[in-house]
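All chains should be modelled from the sequences, with the hints used to inform the complete structure.
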Amino acid sequence: MATATKKKKVQWDPADVKAELLKKYPPKVARKRAKQIMINEALENDTPEITANVRSTPGIITMRGCTYAGCKGVLLGPTRDIVNLVHGPIGCSFYAWLTRRNQTDAGLDGENYINYSFSTDMQEQDIIFGGEKKLEAAVQEIYDLMHPKSIAIFATCPVGLIGDDIHTIARLMKEKLGDCNVFAFSCEGYKGVSQSAGHHIANNQVFKHILGEDDTPVEGKFKINLLGEYNIGGDGFEIDRILDKCGITNILTFSGNSTYDKYATAHHADLNTVMCHRSVNYVGDMMEIKFGIPWIKVNFIGAKSTAKSLRKIAAYFEDQGLIDRVEAVIKEEMPEVEATMADVRSRTEGKTAMLFVGGSRAHHYQELFKEMGMKTISAGYEFAHRDDYEGRQVIPDIKIDADSRNIEEIHPEADETRFNPRKTPEQMAALEAAGVKFKHYDGMFSDMDEGTLVIDDVNQYEAEKLVEIMKPDIFCAGIKEKFSVMKLGVPMKQLHSYDSGGPYAGFRGAINFYQEIDRLTHSRVWAYLKAPWQESPELTAAYVWE
Amino acid sequence: MATATKKKKVQWDPADVKAELLKKYPPKVARKRAKQIMINEALENDTPEITANVRSTPGIITMRGCTYAGCKGVLLGPTRDIVNLVHGPIGCSFYAWLTRRNQTDAGLDGENYINYSFSTDMQEQDIIFGGEKKLEAAVQEIYDLMHPKSIAIFATCPVGLIGDDIHTIARLMKEKLGDCNVFAFSCEGYKGVSQSAGHHIANNQVFKHILGEDDTPVEGKFKINLLGEYNIGGDGFEIDRILDKCGITNILTFSGNSTYDKYATAHHADLNTVMCHRSVNYVGDMMEIKFGIPWIKVNFIGAKSTAKSLRKIAAYFEDQGLIDRVEAVIKEEMPEVEATMADVRSRTEGKTAMLFVGGSRAHHYQELFKEMGMKTISAGYEFAHRDDYEGRQVIPDIKIDADSRNIEEIHPEADETRFNPRKTPEQMAALEAAGVKFKHYDGMFSDMDEGTLVIDDVNQYEAEKLVEIMKPDIFCAGIKEKFSVMKLGVPMKQLHSYDSGGPYAGFRGAINFYQEIDRLTHSRVWAYLKAPWQESPELTAAYVWE
Amino acid sequence: MLLRHTPKEIVERKAVSINPAKTCQPIGAMYAALGIHGCLPHSHGSQGCCSYHRSALTRHYKEPVPAATSAFTEGASVFGGQANLLQAINNIFSVYEPDVIAVHTTCLSETIGDDLPQIIKKAETEDKIPAGKYVIGVSTPSYAGSHVTGFSNMVKAIVDFAEKTDKKNGKVNIIPGWVEPSDMEEIKRIAKLIGVETIMFPDTSGVLNGPMTGKYKMFPDGGTTIAELKSTGDSIGTLALGEWCSADAARLLDKKCKVPCKVLDMPFGLKATDRFVDALRTIAGVTVSDELNAERGQLVDLITDNHQFFYKKKVAIAGDPDQVIAMVEFLVSIDMCPVHIVTGTPGKKFEKRIKELTDGEDYEVNVKAKGDLFLLHQWMKNEPVDLLICNTYGKYIARDEDVPLMRWGFPILDRQCHQYFPTVGYKGGLRLLEKILGMLLDRRDRDSPEETFELIL
Amino acid sequence: MLLRHTPKEIVERKAVSINPAKTCQPIGAMYAALGIHGCLPHSHGSQGCCSYHRSALTRHYKEPVPAATSAFTEGASVFGGQANLLQAINNIFSVYEPDVIAVHTTCLSETIGDDLPQIIKKAETEDKIPAGKYVIGVSTPSYAGSHVTGFSNMVKAIVDFAEKTDKKNGKVNIIPGWVEPSDMEEIKRIAKLIGVETIMFPDTSGVLNGPMTGKYKMFPDGGTTIAELKSTGDSIGTLALGEWCSADAARLLDKKCKVPCKVLDMPFGLKATDRFVDALRTIAGVTVSDELNAERGQLVDLITDNHQFFYKKKVAIAGDPDQVIAMVEFLVSIDMCPVHIVTGTPGKKFEKRIKELTDGEDYEVNVKAKGDLFLLHQWMKNEPVDLLICNTYGKYIARDEDVPLMRWGFPILDRQCHQYFPTVGYKGGLRLLEKILGMLLDRRDRDSPEETFELIL
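Protein chains in written order, with the numbering used here: chain A, -5 to 540; chain B, -5 to 540; chain C, 922 to 1378; chain D, 922 to 1378.
No lab work stands behind these hints, which were simulated from the structure alone. Any given hint might turn out to be false.
BS3-like, lysine-lysine: derived pairs with alpha carbons at most 27 Å apart [to be verified]: (1) A:Lys22 with C:Lys1043; (2) B:Lys143 with D:Lys929; (3) B:Lys143 with D:Lys935.
Here are a few chain B residues that face chain C, going by a calculated C-beta distance under 8 Å [as the list claims (entries may be wrong)]: (4) Gln97; (5) Thr98; (6) Gly101; (7) Gly228; (8) Gln488; (9) Arg518; (10) Ala525; (11) Trp527; (12) Tyr537.
Beta carbons: idealized from backbone N, C-alpha and C, even for Gly.
Written out as structure tokens, the structure reads:
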């Protein structure tokens, strides 16, 4: 790259920035947003606790999607051998059709429905007279056409309102078909306040209908599940590559490139590891209660985090062979990572980033930016709860509001035949003492610098203002934000879908990410925004001929 | 095709047309052209013999190319395993690079230089100080790079003028390299009056330097050569398919898809068959004298002509097995041909064509048009001699003018070891009596209707006038004529290169051609030349709204 | 195989749609609303709809697509969305300051029965709409019609702006239908070349194909202005391009302001463009300029020069009714054979029109309205084609069946420049044929054995 | 393998050119002459030259290319071509009635030493040139320079028409160089958008991209008129686009009529177009229009949106010096890596300019003037690339090496529409990037395993 970016010296006071963001809002909106915009660890902030997982304000252009998106789009989408049948008007199925970049490998069995969109395409008469018959017929038609081992039914907004009983239909069809597990999700878009409710609904049903159904033993000495990893851009493939190399058997990635059978046998794992805390932490809890599998938080985003997570897993298994193996793998992988890191860091050191995305990525990716010497000056989640910012210790204090109350909470009990505590309480205590913290997550705040701005459910207006005022070197969010940020002349990286890049997890992913950010923050193309005559609009006296 | 073309009733008197063509010329040009424009068998025509193979008139836009084009471009181009090195400025080699559609099959030996252009790229200093050294070095460089079995050198205009002795260089390099036959062609562009001179020069050198050099016997019961077939668009491949099916061994196609070895062993054939009379008939003569191989004229353009030519060959060999085999092949191939012919003819019957192309095609293709019920209303050759129009009987009467005198005529004698008359004089006479005419060609005139116009070396101006006046349904010529004819709204078929179609020879070729002409003469796209407002430019009172 | 579970054997489906060739109404309404200058589209429903529509439009245009939502929660779904919409209107005018908010409904607000006109009236009464600002609303139930219907409905709603005064403005209204910003620009250019003054609505040129300048304008310079929209009631007539997209609005304007109208096909291809140009010049009583005649002649030139490559090539097409109808006519006109034709939008008249356009051709035509890409793919397995014309979703079929894909229609998610280069008009025809020709010849180059690999085509 | 005899190992060649990246002078002169309205090019040599040049130009443009020849025979080659040329002039004016005959020589007439000015003078003296008609002549020896030199030489000859009067015409001369008719049209459009009156010569727009109308005009409506050419002597300045194609003529005009000049790069790509526009607006003292700024911004938008796909992609290029220089600058500006660069035209300053443009880039650049495609291919075997930019002859290399080919330059014999759509200017930049992007993404789609096959790019 020939163009060197000059180091920017922007002076801003976080309180001023916050004030600027709130200035234009009607008072009611300003009051609400003030509680969702937090100056990290700053004393003048009179909201020591952040407000999160609350409704977006009508008319304020949010980044959020709906419950259906979280359930069908995020959670169930990547499971390749379950047919996802969307019960509703055509749009919901259309928009969730291949629009996330979950990679799937059809495998030896060759079952892969990820490239398909199935819908009952409800029409006016279905809304008026009910859509149950059509849904039933649709399940039958799918079965006759493709004979999948499972069909999942997803409710969209009108379904709940008109009273279609999708769960009964599912049960009846499961019985009728015999060799096809049919189950349903009441994930109408208006439920909850964000995708998060959809994750919850999805997790509950998967937990109830498939998880641990198959007692066929699974080979492997060190068996884990990886919860909350969706294999966007091949992240899961990279993590699997590393785990394989370490001799760790990953039974189920929940839900990237997953299969029905992987869910059904997941209870054979001896450890659950959680990537996306927001979307899946309670599955860890439920599986511990039902099957006795402990869970730890891991993070494979960032080379150092990856190494740390591997060591945690190895420590959990208390096996010197595994511990050595993990160390050997880290030693083998790190030199290339570090060489790239050092090279890129020589250019990125001191640059600034903003991250507004998802339920964990806005935190995880700060690790990668840190490895490049970049500072995250503002960040926030799209659909987080307070614990994702403040750490799990606040969970007992979170007040359940009306919007969350309707989302089912399931309270499993220990499975009669399958419950089997993997460690004794003493072992657990010893491991905790040795640093392997179970059911632990510190949240985003603790990892961010003082004076940085943490903003929950940031919106279009605030994002634009933030960029204008703080002029970050890179802004990370989703497709809806991409081009308005770029129009401001600021490079933008999608961290939901990775644009068309990835993987960014694991060691190779870290290298990819360093190189990608290097490209974005050092491309000469950002120098072209103004034409020469806009740079110097005044005409000099006369044209200089040869 | 949805659009039926209305039958045109155009009344024109050929003498009027001729007068119209000549009207605008300066008197000298008009006098000359009058002798080259002949009303076939028309009594009022005071030039019973046509003037052909004479200079084109400076300033009059001819279709013709040059001697180099005939020699390198047409004759030697298709021989795949001889490196053609053009000695001259870059253009000549550039323009003859892949611009004809000779197909070649690299075969088992894998030698194929057809996709390459080799040139000495003469510079000013070469013109001033002579290019022999550069030529010599170029031959050496090619040899070192590719080790071809033969390198042919072609002179372009300046070479003769500056006196480079290419033949001596060739001889010296042949000796030096040892396993590479190097020989040269003095085919400067200004020689002769058209490509025809180039064919002659090419034929002579091939005859002298390769033909019959290899006495290794060739397998086959009925061995022939096919002279004057260039495998444009795969014609030669289709003819070979048919010959193979009949059990006839075609040693050498001269020069489509030919190889050095095929030339070297061509004298093992027992019959020479001549396709393009113009380009190659004298090779038949020379081979008969030198090796004792008789030749007959054949024509594989048109299904009936193909059948007729096959029967002629079979008759020549006087073998009942072969005769039966040929009949069986014809019987097998013809039904599909006839079905297509009948179908297409139902639409093309009565339509008219004009053909101005080459040295034989303007005649051969009339057969195909006849099979479709189409009438050739005007035709002519680009580089023919009188015998191509009037038949070989006029050869003794043709006066050699200054331009032809400089083209070498070689007068071979019977080869001491290889001469072997294939038939006794009695056998020859008997075959002639039975209709197998040797060294026989009737020319184009005899096959054309009375009152049609035969025009030698037609030019841009005349072609445009002809089309305007006579409005043919299709016009056949070359690339330079293609678009001016089409601009007049008349479909145009290239018969040098077949546009990108073919093969058109043999049975399958006939089917291709019928379909192609059907497409061209019935496409609805010719109805779009005028916009609706050009068809009815007057505006009616007011726009009619719904 | 990407679509390995698609069987060749076709069994009629009555209940399940697989791989749709349509989406729902609201996104069409959103796109149409973006063609009004200074307008913020607003989705009255749960926030997911708005998010999905914005994402899809953003991916297609690679441009910012602002739109707001009523952000229904479970409560709103029970008690109605009036409070949400009123709050939204207030917030939007405070924060984003558009000239217009164009509200469309969703299946949610439709199912619960929200009454948009009443809510908007309430907003007026409660002074939530600043002076000189507008809120328009339209019903776009997702469970009826398709995205095309939603577009059409929003265009009808835009007709509300029309005002009839005593004085004609001498202009012709053009309703272009759901075409690209580049197409809208080209339609205006053609009208200008003919010398006709026009008001085009909606007009997304300058909105969804904007420049990169270092500045972000939520409301770019493009779009039909309110003043222009008002003036449409005084125009001498309306040309509605596309029966599905534009006809209803034109007829409504006729009914409302006595502006006569004519429904034409969308000007894709030679003949449809001819009819559009002929209509304009006839209305204006002018002579078509040499420049436009020359553009036409270039298209005819390209057609006649390359007829050999188009002739008898089979094509499968999926897309929206107005576009597909015009494309089928264009393909037939150059002797290509559109053998499999699907639109996701319901309407038997589509099938009828296609049958008319292909009447007398010597090949069988499979056509289905309310069809899907799964069916199209099955047809292609039964009778292979030389070319597939489809939106980006076609790439899965194209790869499986090894057929070249010309991306055309909505959405195009993996290629660029549809927003910059038109496919309407004569120049658009050149572009379409360049692409088709390129694909057919690329395939020829790829598949030719070495002997028949050609330098000159 | 189509080019199976091309070895990877590179040995320097001093004598043989293999697979040239150039052709000879006369064809350039012929193309330039077609840019004068009512002009018939005339080749003073043997008839084969004329035939070859007409064929090559016809195949490239798919349009009629009229040109006459002196039709040398052996006699003329010995005694000189004066008689032939005089006869030709007489015949041409009688039969075809052009306004101008533009004669160029060939290696043949050059080698025998025909004196064109003397022959033309003789034609005048002998009244072979009708009143108001012109014959111009230029020496274009095929054994010096390349087709580019021939083009440049004919453009210089066109300067002969320039006349200086007492009054400036207020116009800017633009010498566009050897670009497509569509490019010339686009250059005029850009100048018009800026609000500058121009005289462009030569101008093949309207000549070699004509419409199909059912009529054949040997001399179409386009081309620079004699009146305009005369007026170039009164222009306020000349912008010569391309050092190789246009600079000599501009300097001659300066010398002859004191019209100052500036040599700019051909306006391919963002930066070169910026310089062209900046020069025009500065000369005219005007502000660049919003419309043109918006076009520029669209190009920047496309670049920034798709930078990820261009970044670090390696490119091999063969073409003519002015074009390749501008293209290399464009590629470098979007972070692509032009690693192998060949022009057939001699001139060390080409290599120097390329080195300057790629100075500081972190990759090695192979560059050669008077190189050939054989060498380019060998380089590609040694260091593979992601894209080849070349004329149609590149397709043999592209297929052998399985590299996408963007056809650009002369001649393009197997694809269409270069005559209709410009690649100069901002819109041309969009077109170039659309093509490059399409090829890179097509390749990605083709080569992706099923797991990474993407809907959205």
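Which earlier hints can't be squared with this structure?
-> Violated hints: 6 and 8; rest satisfied.
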